[in-house]
Amino acid sequence: MHRMTYAEAARLAVAEAMRADPRVWCLGEDLGRGGVFKQYAGLVEEFGPDRISDAPISEAAIMGAAFGAAMVGTRPLVEMRFSDFALCATDELVNQIAKARFMFGGQSRAPLVIRKPLGMWRSSAAQHSQSLESWYVHVPGLVVCCPATPQDNYAMMHAAIACDDPVVYLEHKDLWALEGEVDRGEAFAFGKARRRHAGDDVTIVSWSNTANLAVEAAEMLAAEGLGAEVLDLRSLWPWDKAAVLESVGRSGRLLVAHEAVQVGGFGAEVLASIAETLPVKARRLGAPRALIAYAPNLEDQLRVTAPMIAAAAAALAKDEP
Amino acid sequence: MHRMTYAEAARLAVAEAMRADPRVWCLGEDLGRGGVFKQYAGLVEEFGPDRISDAPISEAAIMGAAFGAAMVGTRPLVEMRFSDFALCATDELVNQIAKARFMFGGQSRAPLVIRKPLGMWRSSAAQHSQSLESWYVHVPGLVVCCPATPQDNYAMMHAAIACDDPVVYLEHKDLWALEGEVDRGEAFAFGKARRRHAGDDVTIVSWSNTANLAVEAAEMLAAEGLGAEVLDLRSLWPWDKAAVLESVGRSGRLLVAHEAVQVGGFGAEVLASIAETLPVKARRLGAPRALIAYAPNLEDQLRVTAPMIAAAAAALAKDEP
Amino acid sequence: MTEGNYDQARGRALLTMMERIRAFEQQAELAALRDKLVLGAIHLSIGQEAVAAGVMTHLTAADYLLSTHRGHGHCLAKGAAPDSMMKELLGRQGGNCGGKGGSMHIADFDVGMLGANGVVGANITIAAGAAHGIKLLGGDEIVVCFFGDGAANRGPFLEGLNWAGVFDLPILFVCEDNRYSATTFTSAMTAGKGAAERARALGLATSEVDGNDADAVADSAGEIVSRIRATRAPAFLLARTYRQKGHTHADPAGYRPAGEADAMIAGDDPIARLRERLVAAGLAESELQAIRAAALAEMSAALDSARAAPWPPDDSVFDDVQDIGSPAKGAAY
Amino acid sequence: MTEGNYDQARGRALLTMMERIRAFEQQAELAALRDKLVLGAIHLSIGQEAVAAGVMTHLTAADYLLSTHRGHGHCLAKGAAPDSMMKELLGRQGGNCGGKGGSMHIADFDVGMLGANGVVGANITIAAGAAHGIKLLGGDEIVVCFFGDGAANRGPFLEGLNWAGVFDLPILFVCEDNRYSATTFTSAMTAGKGAAERARALGLATSEVDGNDADAVADSAGEIVSRIRATRAPAFLLARTYRQKGHTHADPAGYRPAGEADAMIAGDDPIARLRERLVAAGLAESELQAIRAAALAEMSAALDSARAAPWPPDDSVFDDVQDIGSPAKGAAY
Ligand SMILES: Cc1ncc(C[n+]2csc(CCOP(=O)(O)OP(=O)(O)O)c2C)c(N)n1
Ligand SMILES: Cc1ncc(C[n+]2csc(CCOP(=O)(O)OP(=O)(O)O)c2C)c(N)n1
Ligand SMILES: [Mg+2]
Ligand SMILES: [Mg+2]
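Protein chains in written order, with numbering that gives the first Met the number 0: chain A, 0 to 320; chain B, 0 to 320; chain C, 0 to 332; chain D, 0 to 332.
It cannot be assumed that every hint is accurate.
To be verified - Derived lysine-lysine pairs resembling DSSO-like cross-links, with alpha carbons at most 30 Å apart: (1) B:K280 / B:K240; (2) A:K240 / B:K37; (3) D:K244 / C:K192; (4) D:K134 / B:K37; (5) B:K37 / A:K317; (6) C:K134 / D:K244; (7) A:K280 / B:K37.
In case anyone wonders, no lab produced these hints; they're calculated from the structure.
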């Protein structure tokens, strides 16, 4: 076990993967100086500027070129800096990368990891704060990861780099400095949720930073004598429907909590899938369909917090309206 | 009442709006020759090449320039040709157009209509067949329209052009030639569903081409003595939750059917919203999370058809698993 | 290239490929318009065969090609088998992509053809990346990327050419200027002198050629390709040609100036021009006829076998989506 | 412009604006680093003031400006009030955008400032569209669009400049070449001769100027702007300058070559250069001091009033999202 931050955990996984496989390389703006969040600090010194490659401010070319390089046998890790900027490369990701293997009848693979830091981060305003994970889950061909802890950012990064499918890898900008223990021996399997807190009264499903808030909420509820089970989905496609069904089978109550806008968020998919399968009292807790503002008090209006999660879960557990 | 096609209905609305308001203009590739689906046939002859403007193959510039032109007082109607190509302008739509009014504290408006023909259209394959309406519903700042009939393509186009918000206007490519009666006096109100078929045994919610298939399905069910109510949402944001709740309150059963990939589709939002509010037996019917192929038999594997809708609705109504 | 030392063998080879491309597309057009066997849109390169033949004659199967929606000729010239191509156009089993892609996504990785593309200009950054991958892997292959005059107005043109220049990659960009972007005159929607001038400003070694003169294309492509093999640096070639047909097989192209197409077909058809030159160089009319007859025979056989081929298995639509979380056959999950 | 007939009044006006821009940004930097009152990132244009002042001096409030993430100077030079700008940087009530946008989305439509932008290069196509709108409405305003050297590597640079050329629009594109794209040397990621050469290839009337010489900028911008007003045709101006600070206020910029910044600050600071020229032209040191003191007083007062301003009302986050289907306060719907 080693103690490290969320950023360091991913950096360690990237470095190990690059040592093990010379075909793995990283490309993105400013990587040679460690990247905008220092997720790449020290890597150019070890691997050199060809494998830790700077890029022009050309998101479309970064994404498109990585795809071309993947088709000829390299394994690129693409850095999009802010997931918001990745919207400049949507055609490349959705029309090209996600579809190539299928359109070409299986002649090609696109083994890419596309890192897109998402989420609210103190006063970054509307163009630097979005959480669009539900978009990518809706696109066949893509795998979607949302690590919430250093352990998962280590193990999931290794799994993403080893995967032959394009993996949209969504780290949360507010977690870079989060510290935790990392067991390098623990492997990650796509589609396996992690039970972050056990309980039989209500099931809370979440991912990314909100999963950490859900654990806080479960601890608050435990103090009140309410047993909340927190399932951190970790990967949204594939996602662990079986684990959620098993838990809801016990609790009969489901709360899905996430930072993204609630309308059309991935919480709708989770809730709908479960409600189609078994009778359940279910609620979602996501952001209003509003835009993220710069002023901290306005930003806070749109946050899903631990107390809000605890209150919503308690209301479900106590059969309050 | 006038009989016309879905394409003619929208063209008539555009022509009437352009006659009434000199600030309204259209821009997109090949519009001077009527547009790729002839939705603009005859308009350049009446309004000239400045108001029915050709464009370079520059989706990002078409979208961005339309936004700039809107901010200084014109009312552009943007033609994206295929909704798939609009992905080349995602930053312009999602980061700029949808957010400008809010980011600038209400100093600006973006009165734009963005036409993005969507959907499967005989053997157009993976890059020319997508239905991504759920993406746009998830983006605050946007209004989302999915007309299914000539009447609605006429009235909704008028409403979209008159709206001061950016409206993502998603016509279905398979409906251009659909004929129907158009009452030019009938106005459209955003967020008002149309009851296309009445019934108390099961509620079928749909939109776009699938709403037409749902009406066929309801007629099949009526023959079997089952009463299916078909609600065509018409606009997905805002959407008519009240009408769905009222109908499900009677039927107790909800089927949401759409052409898009089921995972992360807008059907999840509808089902989740209703299941959060009242107890209901609910199912979704959407496409598998797979890619759209060229060969017709492969394409057909992914289609939601009227018989499939009828079967799913009947199973719900008869309480079959 | 003076008539004096005319390379007859190369000329014959170029003509053979061009006749095969044209015959393939004429058969494809019949399959679409007459037989209604091609359900999607096909974009014919009839009139542009000299560019594909003249460039690709300098490539090996190890080199890579990125193509466009108008890619039949590129694909054939790179070495793909017409039989599996025609099956793909008809969406049949045995097609290069198993019937999943059709004309606009045709690909044959066995001969280095990494795909046509349904999105104009999207292949430019992908091609730059393929060359980037070659450089990282230390390979000695090169990449050729084709696109049209209209693609020079899309952002990826700037981003992809800049990328190739910045990372100094072994790639040849070939812009086929056929004057049209669908129903629009590209010149009316293009500021400045166009694609070649833009490529020069992006620092690429840039040449221009009469794209309807197969020998001229082969000569300049030959020089450029050997320079790229030697220096591993990018280059750009603008080939002026003409789209003799409509934008798609279904487009009557009534928007073209009266007589323009007739004049080009009568006076500047690349196949007719090459045949004349070969006759002048002493090739027998009979041999020219034989080349054409062989091409026609080959391609009508391809259409016959495609016509006879079965549809792909229904369940194959669920294959090759992805390894992780791939759709269960017949289920939404 | 020879010293002989030096226009002292214009020089004084330019200096006044430049001192105001610098004082504003120095106060903003203090508010961010010392007082921790600016929570988001701010991008300082210290060292680049001559470009904003020299160009904007030729515009009226009716003309339009599209700016970048590094837009404080542009915004002030276009006529925005420092008081409401500083409040916006601090996210307070009374800010230009009601605290919703912050530094990167600052806008003041009353003076034709249509917004900074958080996405590099995105303002280029928007600006072209604003000029397109003016043309359609028959107005006589013009548009000025600022962006950095790094933005010339994004697709919208090609698409937006091409658009302005094709539709022949009244717009001036100003590229502020400060050598850096965040922590990267732009030259290392740019093929060919850069932005000006690309603009020429796109057919735009293109000029280059020493962006640290306020009079030179004002002279060439003056010519260009009057030409645009007369001909309604687009133009491009490349201004060479230097980013004296880090990419953001929080960036120590340790990646810069040793001594580079010191040398530029000591030898090529636009304010110092203009002050020297004004002294040579006979302006009294005392007057220069007075100009600087006034700027400092104005901007520290702006910071004081921003510091004292309240937060925006919590519920205002639900306003101005959209008219149709706007969020109910406090609810997910
Ligand atoms: C991004 C995008 N926009 C629009 C289209 C529709 N489209 C297909 S081909 C074409 C014309 C392309 O012209 P050019 O690049 O010159 O190639 P050509 O068809 O002449 O071979 C257009 C507009 C598309 N496929 N992709
Ligand atoms: C599309 C996009 N990619 C990346 C970024 C992150 N970013 C913000 S400013 C900047 C550097 C821009 O350089 P330049 O255009 O020269 O402007 P400068 O900062 O030098 O004024 C980058 C990479 C962004 N905002 N938008
Ligand atoms: Mg063309
Ligand atoms: Mg710069």
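Tested hints:
For a cut-off of 30 Å, the pair hint linking B:K280 to B:K240 stands: about 17 Å separates their Cα positions. Only pairs whose Cα atoms come within 30 Å are accepted, and A:K240 paired with B:K37 is rejected, the gap being roughly 46 Å. Our distance criterion of 30 Å between C-alpha atoms is broken by D:K244 and C:K192, whose separation comes to about 39 Å. This hinted pair checks out: D:K134 and B:K37 have alpha carbons roughly 27 Å apart, not beyond 30 Å.
Restraint check: the Cα-Cα separation between B:K37 and A:K317 comes to about 59 Å, which exceeds 30 Å; the hinted pair is violated. Only pairs whose Cα atoms come within 30 Å are accepted, and C:K134 paired with D:K244 is rejected, the gap being roughly 36 Å. For the suggested pair A:K280 and B:K37, the alpha carbons sit about 50 Å apart, so the restraint of at most 30 Å is broken.
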